[in-house]
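Protein sequence lines, in the order shown, are assigned to chains A and B.
Okay, so the first sequence: first residue is 1 according to the working numbering, each after it adds one.
Okay, so the second sequence: first residue is 1 according to the working numbering, each after it adds one.
It is possible that some hints are incorrect.
Said to hold, decoys possible - Distance ranges between label pairs, derived from CB positions: (1) 15(A) - 151(B): 27 to 37 Å; (2) 116(B) - 226(A): 18 to 28 Å; (3) 96(A) - 166(B): 26 to 36 Å.
Just so you know, these hints were derived from the structure itself, not from any lab.
Remember, predicted model here, so these are calculated numbers, not experimental data.
Glycine included, each C-beta is placed from N, C-alpha and C at the ideal position.
The primary structure of each chain is shown beneath.
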Amino acid sequence: MANQRWRVLTDAIQRVDPELAPGERLCLAGEDFLSVDSLSIATVIDEVYRPLASSTPWGALLDEAQFSVGDGPTFRAHGGAVPVLAADLLGQVGAAQWPLFVGAAEGEGVAAAFAFPLRIGAGALGVLTGYRAAPGGLADQEFEDGLILASLAGAEVVRALALDVQGDAEGPDLVSYDHSTVHFATGMVAEQLNIGVVEALVRLRAYAFASGLSLTDVARLIADRQVTLEP
Amino acid sequence: MMKADEMTPGGSSATELARTFMEITSAIANGEETIDVFSRLTLKCVELLPVSAAGILLRDADGVLRVIGASNPSAHLLDLFQVQNEEGPCLECLATGEPIADTDLDSAGRWPRFAALARAHDFSAVYALPLHSHQVAVGALNLFAHTTLSDDRLLVAQSLADTATLSLLHVDARMDGSLVVQRIRMAVEARNTLDQARGMLAQRFTIDGDAALVRLQEVARETGLSLREVATAVVLRDTESPTFIYLAE
């Protein structure tokens, strides 16, 4: 029983060339919904920036510029709870707000940036950012779509991280699961292995994939102390 | 005309009700966070109404119902909330925007799985009352009782549900739909954080999830921090937070 808007967005992503990586498909499909000229996903794990996907090389470059100078809406949004919306980056207010980024913004011809933090509970995963060459804010529907795309992008980041662990693109879907139990088990694994919650969730997902169980089932086994993940 | 200290049919006095509404609305006005407001509110439901459990669910961006606050976080109750993503009064309440009551819990009825599960826990009546924002139901207050509630009591319950909605609308003058969607997302992630923190403490002290929640609530009271702030400090292992000292063995 999916929300109508959620379905519209996931359907649009499905229609993009299936040969492309899932993150790329999300960015390409999402661009139109936010009326932006570029949409990109930046992952930031343990404070290390890594590009995941972008609908244009321009957006990837703008993400990178922000993380290298340590300023800008995307940089600010990371780790936060709310989107950072800069409708007029080059205006007086924008220039004062982003002193270290405004030079690069001007050089690259970007006038507006909308950055949505990606998170799983307290675990920060990175940022989804839409860039526009012309100034102007997001309409309400665009903002809501941005929040939904950020949820989808967060699930995609976890999937991509799990790839490094399990070495296979397949794995349980991070969209439909018993949240309360999965996050509880994630906390248990994080504590037991003395790792962050993002890494713990990735480990849990990899275990589910290897054992052929669902994420919820693995979480229940861990919560009931019937399964312990090895360091 | 009822005297101020006269008992209402459900057992709570008018003064008590008035005090509750005042307490909750002032908490919201003071910027108390949604998960704290919701857990306070569900506890009040159990105190003021003849119900044994209460929970508040919100519809997340993906359409899935998520429990944000519950009077008691026991696993069987969580299952009763969870199953309502497939069938049950909450789902119907969200779909119709109307309050839903089920006082039969007939296993051959509208939602056989849910009814059987509720009866297995000795409940005989279940209610789902809508949380409305702009004529759209964005969530529901779910009540589990051993007896049927009178119309008077249901009115009190619906008022409590309306008060819960205030917590999603407050904060900004720009009370548009998008903002509510954002507040819901924030409440869901705050709840996720709380569950992560419960898991960490359960592992650290070899306690169950309920005891871990009690522990986090105690720390929130002692430090004056919100439940979300305490949970975040635990999950991020923030050694600068006062939480750290309270949870050192």
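Verification of the supplied hints:
1. Checked against the given bound of 27 to 37 Å, the beta carbons of residue 15(A) and residue 151(B), roughly 51 Å apart, lie outside it.
2. Checked against the given bound of 18 to 28 Å, the beta carbons of residue 116(B) and residue 226(A), roughly 25 Å apart, stay inside it.
3. Taken as a hint, the range 26 to 36 Å holds for the pair residue 96(A) and residue 166(B), whose Cβ atoms sit roughly 35 Å apart.
This entry does not satisfy hint 1, going by the numbered hints stated previously; all others are met.
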